[in-house]
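Engineer: These protein sequence lines are chains A and B, in that order. Every letter in the first sequence is one number past the one before it in my numbering, and letter 73, counting from 1, is 73. Every letter in the second sequence is one number past the one before it in my numbering, and letter 30, counting from 1, is 30.
It is possible that some hints are incorrect.
Said to hold, decoys possible - Using 25 Å as the maximum straight-line C-alpha spacing, the simulated DSS-like pairs for lysine-lysine come out as follows:
| id | chain 1 | residue 1 | chain 2 | residue 2 |
| --- | --- | --- | --- | --- |
| 1 | A | LYS3 | A | LYS20 |
| 2 | B | LYS127 | A | LYS69 |
| 3 | A | LYS20 | A | LYS69 |
| 4 | A | LYS65 | A | LYS20 |
| 5 | B | LYS46 | A | LYS69 |
| 6 | A | LYS20 | B | LYS127 |
| 7 | A | LYS65 | B | LYS46 |
| 8 | A | LYS20 | B | LYS46 |
| 9 | A | LYS65 | B | LYS127 |
Derived by calculation from the structure, the hints in this document are not laboratory data.
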Amino acid sequence: MKKIDTVADALDHFGDDVAKLAGRGGALGFGAIAAAAILKASAGAMRSRGESADQILARIRPPRKLELKLDDDTETKNEKRKPSVLPPKE
Amino acid sequence: MRAALVVLALMLLPACGASLHTHANAAAVARDLIDASGAAIQAEWKNDLEEIHSSGVNVAARETTLVETFAPIQVAYDAAVAALEQYMQAIRRAEAAQATTLDGPAPRSLYSALGHLADLGEAIGVKIPRPPVLLEELAK
Numbered sequence: 001m002k003k004i005d006t007v008a009d010a011l012d013h014f015g016d017d018v019a020k021l022a023g024r025g026g027a028l029g030f031g032a033i034a035a036a037a038i039l040k041a042s043a044g045a046m047r048s049r050g051e052s053a054d055q056i057l058a059r060i061r062p063p064r065k066l067e068l069k070l071d072d073d074t075e076t077k078n079e080k081r082k083p084s085v086l087p088p089k090e
Numbered sequence: 001m002r003a004a005l006v007v008l009a010l011m012l013l014p015a016c017g018a019s020l021h022t023h024a025n026a027a028a029v030a031r032d033l034i035d036a037s038g039a040a041i042q043a044e045w046k047n048d049l050e051e052i053h054s055s056g057v058n059v060a061a062r063e064t065t066l067v068e069t070f071a072p073i074q075v076a077y078d079a080a081v082a083a084l085e086q087y088m089q090a091i092r093r094a095e096a097a098q099a100t101t102l103d104g105p106a107p108r109s110l111y112s113a114l115g116h117l118a119d120l121g122e123a124i125g126v127k128i129p130r131p132p133v134l135l136e137e138l139a140k
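Could you build all of it, start to finish, from the sequences and the hints given here?
Structural biologist: In structure tokens, the structure reads:
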């Protein structure tokens with residue numbers, strides 16, 4: 001559970017919750033991305049007052065790694081589906 | 001919500017001056033946008049893959065098509081992440097040099113990368129918001 005000490009923490013936490021709806025797709029997903037960006041930007045702006053640019057950057061975590069892979073199970077099935085190589089005719 | 005919008009408006013105002021502080025805030029906004037877009041793309045991929053498996057029809061060929069469809073968006077996503085990294089490095093370099101403004105193409109590159117990601121998202125049915133107004137201003 002995230003520690004919430006300030007209004008900025010609360011906005012940030014709420015932004016994370018809203019961002020979870022991004023996976024629903026459609027208008028809800030789109031709205032969730034936009035709303036999460038606003039909430040987290042607001043939290044960032046609140047925290048960043050009096051900070052240097054470097055301090056703001058230090059708080060930025062790298063975005064998630066996008067992994068669009070077929071699961072191992074599927075790959076194994078596909079391997080099985082591949083036609084076996086026939087031995088050369090004698 | 002109203003309070004959040006007011007704070008956002010206050011945050012957008014300094015864009016006229018474009019201090020390094022403003023650039024750093026723009027980088028933070030871009031990071032959250034990229035991350036949330038990644039979640040939406042990943043979810044769409046998972047849904048499409050599950051749909052293919054549950055139908056059980058022509059699975060291998062449809063998987064291949066799915067991989068080919070999502071390949072450009074994977075490239076665009078990675079490019080957006082790389083553009084963000086370069087933007088952050090440019091801000092750090094400027095601050096180390098005690099510059100007050102940011103020169104160079106980094107904000108524009110990030111803005112273009114995010115715009116491209118949004119375009120490709122639409123193509124696969126994932127709505128990704130356009131780059132934030134703050135970044136658009138900074139990219140000019």
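Engineer: Decide, hint by hint, whether the structure agrees.
Structural biologist: How the hints compare with the structure:
The suggested pairing of A/LYS3 with A/LYS20 holds, with an alpha-carbon distance near 19 Å, which does not exceed 25 Å. A C-alpha spacing of about 21 Å is found between B/LYS127 and A/LYS69, which places the hinted pair at or below 25 Å, so the restraint holds. For the suggested pair A/LYS20 and A/LYS69, the alpha carbons sit about 21 Å apart, so the restraint of at most 25 Å is met. With a CA separation close to 16 Å, the supplied pair A/LYS65 and A/LYS20 stays within the 25 Å bound.
Of the pairs offered as hints, the one joining B/LYS46 and A/LYS69 holds, with about 9 Å between alpha carbons and a cut-off of 25 Å not exceeded. Only pairs whose Cα atoms come within 25 Å are accepted, and A/LYS20 paired with B/LYS127 is accepted, the gap being roughly 15 Å. Restraint check: the Cα-Cα separation between A/LYS65 and B/LYS46 comes to about 15 Å, which is no more than 25 Å; the hinted pair holds. Of the supplied pair hints, the one linking A/LYS20 and B/LYS46 holds, its CA atoms being roughly 15 Å apart against a limit of 25 Å.
Between the alpha carbons of A/LYS65 and B/LYS127 the distance comes to roughly 19 Å, so the proposed pair stays at or under 25 Å and holds.
Figure legend: structure checked against the earlier numbered hints; every hint is met.
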